[in-house]
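K.L.:
Generate coordinates for the entire structure from the input sequences, incorporating the hints supplied.
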Amino acid sequence: MTATLIKHPKGDLLIDTGFGRDIAQHLATMPLFFRLLTRYSMNKTAREQLQSSGYDLTRLRAILLTHSHWDHISGAVDFPEVPVWIPPAERSFAQGEDFTTAPARSIKSLHFEEYRFDAHPYLGFAESHDVYGDGTVVIVPAPGHTPGSVIVFVTLPDNKRYAFIGDLAWQLEGVTEQEERPLTQRLADVEPRLVRENLAQMAAISARYPEMTIVVAHDPRSFASIPTLVSKP
7 MTATLIKHPK
17 GDLLIDTGFG
27 RDIAQHLATM
37 PLFFRLLTRY
47 SMNKTAREQL
57 QSSGYDLTRL
67 RAILLTHSHW
77 DHISGAVDFP
87 EVPVWIPPAE
97 RSFAQGEDFT
107 TAPARSIKSL
117 HFEEYRFDAH
127 PYLGFAESHD
137 VYGDGTVVIV
147 PAPGHTPGSV
157 IVFVTLPDNK
167 RYAFIGDLAW
177 QLEGVTEQEE
187 RPLTQRLADV
197 EPRLVRENLA
207 QMAAISARYP
217 EMTIVVAHDP
227 RSFASIPTLV
237 SKP
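First residue of the sequence shown? That's 7 in my numbering, and the numbers climb one at a time after it.
In case anyone wonders, no lab produced these hints; they're calculated from the structure.
None of the values given here were measured: they were computed from a predicted structure.
Any given hint could turn out to be false.
Derived lysine-lysine pairs resembling DSS-like cross-links, with alpha carbons at most 25 Å apart [said to hold, decoys possible]: (1) Lys50 / Lys114; (2) Lys238 / Lys13; (3) Lys16 / Lys166; (4) Lys13 / Lys50.
Using C-beta positions, here's what the derived DEER-type ranges look like [said to hold, decoys possible]: (5) Leu43 / Asp164: 35 to 43 Å; (6) Leu43 / Pro226: 30 to 38 Å; (7) Arg27 / Gln184: 16 to 24 Å; (8) Arg227 / Glu186: 37 to 45 Å; (9) Glu217 / Arg41: 39 to 47 Å.
Even for Gly, the Cβ is constructed at its ideal location relative to N, Cα and C.
P.N.:
Structure, rendered in structure tokens:
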């Protein structure tokens, strides 16, 4: 699992957070069958990586979640001073009773801030939220995996473009071939029909803009072109 730092003159964003220091406690909130099926290994947390690179944490404006499942929100515990941006539908889901968001409810330091979508179409999606008002970071709703799942489009100054799709797919081929995740993982989808519709939409975008990098949260290949923060000696 990963966290991606987006730098911007108006304040930086962290897209998802990866595993945090309390990942073992977060996993312990999940049902037994989930724990028996789950294995993970721990490396440096996002906060530790930012600190070791010399990054100024006061620049971090917000954590922007693709959705609120444990492997995307766990690291938020390490940033108690940073608000977590989330659409209303995902906030209701995260604070509800679904077992998949039990880890989110266990993080008492979470400070959610809601954002809403405007009726401004973006790449075929009917609504969007332009974070900075300059087109560099645009969020679109992509419900299906969770009620408030989103896709985050990022455009760099050199016009390099990325689409962070969270768990819409688990491999790049999931988009290019419109193949859903394995059956055991699809059981967590709240609305499979919407997942298929959003996969089709992303496949069309990928075909139209082949230069755009589709970043799949669980596929390391899709992060290959993203620069990695280097620890200072």
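K.L.:
Now tell me, hint by hint, if it's right for this structure.
P.N.:
So, going through the hints one by one against the coordinates:
Distance check on the hinted pair: Lys50 and Lys114 sit about 22 Å apart at the alpha-carbon level, within 25 Å; holds. The hinted pair formed by Lys238 and Lys13 meets the criterion: a straight-line CA distance of about 18 Å does not exceed 25 Å. Only pairs whose Cα atoms come within 25 Å are accepted, and Lys16 paired with Lys166 is accepted, the gap being roughly 19 Å. A hinted pair counts as satisfied when its Cα atoms are at most 25 Å apart, and Lys13 with Lys50 qualifies at roughly 21 Å.
A beta carbon spacing of about 42 Å between Leu43 and Asp164 agrees with the range 35 to 43 Å that was offered as a hint. At roughly 21 Å, the beta carbons of Leu43 and Pro226 sit outside the given window of 30 to 38 Å. Between Arg27 and Gln184 the C-beta distance comes to about 37 Å, which lies outside the given range of 16 to 24 Å. Arg227 and Glu186 have their C-beta atoms about 19 Å apart, which leaves the hinted 37 to 45 Å range violated.
Between Glu217 and Arg41, the C-beta spacing of about 41 Å keeps the proposed range 39 to 47 Å intact.
Taken one by one, the earlier hints fail for this structure at numbers 6, 7, 8, listed in ascending order.
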